[in-house]
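Asker: Sequence:
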Amino acid sequence: AANFRNFTFIQLNGEFSRGKGLDVGARFWKGSNVLLFFCDVDIYFTSEFLNTCRLNAQPGGQLPPSPGVLFCTVLTICSRIILIFPNARDRENHLGRLFLWGCAVGPKCVFWPAGKKVFYPVLFSQYNPEIIYGHHDAVPPLEQQLVIKKETGFWRDFGFGMTCQYRSDFINIGGFDLDIRGWGGEDVHLYRKYLHSSLLVVRAPVRGLFHLWHEKRCVHELTPEQYRMCMQSKAMNEASHGQLGMLVFRQEIEAHLRKQKQRTSSKKT
Numbered sequence: 001a002a003n004f005r006n007f008t009f010i011q012l013n014g015e016f017s018r019g020k021g022l023d024v025g026a027r028f029w030k031g032s033n034v035l036l037f038f039c040d041v042d043i044y045f046t047s048e049f050l051n052t053c054r055l056n057a058q059p060g061g062q063l064p065p066s067p068g069v070l071f072c073t074v075l076t077i078c079s080r081i082i083l084i085f086p087n088a089r090d091r092e093n094h095l096g097r098l099f100l101w102g103c104a105v106g107p108k109c110v111f112w113p114a115g116k117k118v119f120y121p122v123l124f125s126q127y128n129p130e131i132i133y134g135h136h137d138a139v140p141p142l143e144q145q146l147v148i149k150k151e152t153g154f155w156r157d158f159g160f161g162m163t164c165q166y167r168s169d170f171i172n173i174g175g176f177d178l179d180i181r182g183w184g185g186e187d188v189h190l191y192r193k194y195l196h197s198s199l200l201v202v203r204a205p206v207r208g209l210f211h212l213w214h215e216k217r218c219v220h221e222l223t224p225e226q227y228r229m230c231m232q233s234k235a236m237n238e239a240s241h242g243q244l245g246m247l248v249f250r251q252e253i254e255a256h257l258r259k260q261k262q263r264t265s266s267k268k269t
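Position 150 (the sequence shown) corresponds to 150 in the working numbering; numbering is contiguous.
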């Protein structure tokens, strides 16, 4: 904090609530409309991501001169894809490719005014470095760990806590649900409110936003739904299926290596 002097510290009394803290901070600002970036303490982001944040958020009450785009929600057999086409010809070409890929497509297209959007990036979540680099002499520095590969982490597509949106949109939609206590749930509730609003929700993976690994505790005071979400997050954070499988069968692997070593030694003698 010594390097950042333009900030205001707001002290609150009461039980911890992530949603309440963010909500109070957003409403405390009394100046002109600003772009908010909701961020947790275990997040690493780059200046490139901040530019992406600015490009993908537009306040609902302010439209650029662009006439707009054709917005299509495409339902496939495996996922919900949002495509934005500049004209009808591009729309037909892209939908044709989806048919060729074997996707069951059911498009619903509407004309959407340019702008009026909130950004919900999909960040890359780091696996446990002690597991990933267990075969190394030491865990490398943090900057060298931030590599996007299937062996080092996963795309956190179930997380909605990191978001870029303008304060006016946050206030107009009602902010966070302050009745939610403890860990998780308030961010998903806000995300769903935007899905049912007139704003376009931009959801896409970004390369400059990382969730750093840390030990997670799921306390018994959580509601059943919060506890389930916490345990799901905890299980996915440790390592890939293959890496966890190697840990489960570690004793069997070590026993095999010992036998191989004994056979090699006996052949030499």
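Mixed in with the good hints there might be a few duds.
What the hints assert, rightly or not - Quick list of the computed label-pair ranges, beta carbon to beta carbon:
| no. | residue 1 | residue 2 | range |
| --- | --- | --- | --- |
| 1 | E143 | E15 | 34 to 40 angstroms |
| 2 | R192 | Q260 | 50 to 56 angstroms |
| 3 | V188 | V24 | 16 to 22 angstroms |
| 4 | L257 | D179 | 53 to 59 angstroms |
| 5 | I171 | F249 | 26 to 32 angstroms |
| 6 | Q251 | F7 | 47 to 53 angstroms |
Hints in this document: simulated from the structure, not taken from any laboratory.
Ideal Cβ placement from N, Cα and C applies to all residues, glycine included.
Asker: Indicate, hint by hint, whether the structure satisfies it.
Answerer: A quick look at each hint next to the structure:
E143 and E15 have their C-beta atoms about 37 angstroms apart, which keeps the hinted 34 to 40 angstroms range intact. Between R192 and Q260 the C-beta distance comes to about 55 angstroms, which sits within the given range of 50 to 56 angstroms. At about 20 angstroms, the beta-carbon gap between V188 and V24 stays in the expected band of 16 to 22 angstroms. Checked against the given bound of 53 to 59 angstroms, the beta carbons of L257 and D179, roughly 55 angstroms apart, stay inside it.
Range check, I171 to F249: Cβ separation about 53 angstroms, and the 26 to 32 angstroms hint is violated. In this structure the supplied range 47 to 53 angstroms holds for Q251 paired with F7, their Cβ-Cβ distance being about 51 angstroms.
Consistency note: the structure conflicts with earlier hint 5 alone.
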